[in-house]
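Chemist: In case you want the letters, here they are:
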Amino acid sequence: DTEVTQTPKHLVMGMTNKKSLKCEQHMGHRAMYWYKQKAKKPPELMFVYSYEKLSINESVPSRFSPECPNSSLLNLHLHALQPEDSALYLCASSQASGQGGLAGTLFGEGSRLTVL
Amino acid sequence: DAKTTQPPSMDCAEGRAANLPCNHSTISGNEYVYWYRQIHSQGPQYIIHGLKNNETNEMASLIITEDRKSSTLILPHATLRDTAVYYCIVRVAIQGAQKLVFGQGTRLTINP
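Read top to bottom, the protein sequences are chains Z and W.
Residues 1 to 116, numbered by my numbering, are exactly what the first sequence covers, in order.
Residues 1001 to 1112, numbered by my numbering, are exactly what the second sequence covers, in order.
I should point out that these hints are in silico values taken from the structure, not numbers from a laboratory.
One thing to keep in mind: the hints can contain errors.
Said to hold, decoys possible - Taking CB as the label site, the calculated pair distances span:
{"#": "1", "chain 1": "W", "residue 1": "Q1042", "chain 2": "Z", "residue 2": "S55", "range": "19 to 29 Å"}
{"#": "2", "chain 1": "W", "residue 1": "N1019", "chain 2": "Z", "residue 2": "S62", "range": "36 to 46 Å"}
{"#": "3", "chain 1": "Z", "residue 1": "K53", "chain 2": "W", "residue 2": "N1030", "range": "17 to 27 Å"}
{"#": "4", "chain 1": "Z", "residue 1": "K53", "chain 2": "W", "residue 2": "T1109", "range": "35 to 45 Å"}
{"#": "5", "chain 1": "W", "residue 1": "S1025", "chain 2": "Z", "residue 2": "G14", "range": "27 to 37 Å"}
{"#": "6", "chain 1": "Z", "residue 1": "S65", "chain 2": "W", "residue 2": "K1069", "range": "14 to 24 Å"}
Beta carbons are placed, not taken as given, at the ideal position from N, Cα and C, and that holds for glycine.
Generate coordinates for the entire structure from the input sequences, incorporating the hints supplied.
Modeler: Okay, here's the thing in structure tokens:
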């Protein structure tokens, strides 16, 4: 299995809802990432997990809460979002740099979020 | 983080070689150059990466200048399916992970 799988593909939520985005990989990658991409803009890094621990938070608002329950799964919990948070949310994974692997970071197809 | 500069858009005829330039003048010695592309509404796709030597794989070739301040991605025989946004990224290994910071990219259009 050489894929990063994201669910759901599309999500519509109100500003008072609580929802979660899920990401899964079974390549043995020990680093996982969340990116946010607005229309016609490049992806922006949000969070980095390395060996199931949060190693980078790019000053993301607390209404986004990441979780890494195990080495294959990465969640992004959403609460009290704003309409401007509507975007494509991309999950990615890679070999951790300490493993000596230099293979590319693999991205999922994304979850398209609309906040009403 | 080292920044990259790419032309915002390029056109290329189908069947010809597409040469996409990238400047990364602030790159440091342990930073790799990665190229990704993103076809509309899909996740970014890895193409190739390099440190200081030229690299080639089944998708493309990567030419890195001797001073490492710039590189060129070459798609040898472009097809219509190569129409995408191409990102040149300097990868930083940090805290056991690879930090990829995307620039604005080049929108490559392959014309029939």
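Chemist: Take the hints in turn and mark each one as holding or not.
Modeler: Results for each hint:
A hinted range of 19 to 29 Å for the beta carbons of Q1042 of chain W and S55 of chain Z is consistent with their spacing of about 27 Å. The beta-carbon spacing between N1019 of chain W and S62 of chain Z, approximately 45 Å, falls within the hinted interval of 36 to 46 Å. Under the hint 17 to 27 Å, the C-beta atoms of K53 of chain Z and N1030 of chain W, about 23 Å apart, fit the expected range. Separation of K53 of chain Z from T1109 of chain W is about 42 Å and conforms to the stated range, judged on CB atoms against 35 to 45 Å.
For S1025 of chain W paired with G14 of chain Z, a C-beta distance near 46 Å fails the hint of 27 to 37 Å. At roughly 40 Å, the beta-carbon separation of S65 of chain Z and K1069 of chain W lies outside the given 14 to 24 Å, and the hint is violated.
Violated hints, in rising order: 5 and 6; the structure is consistent with all others.
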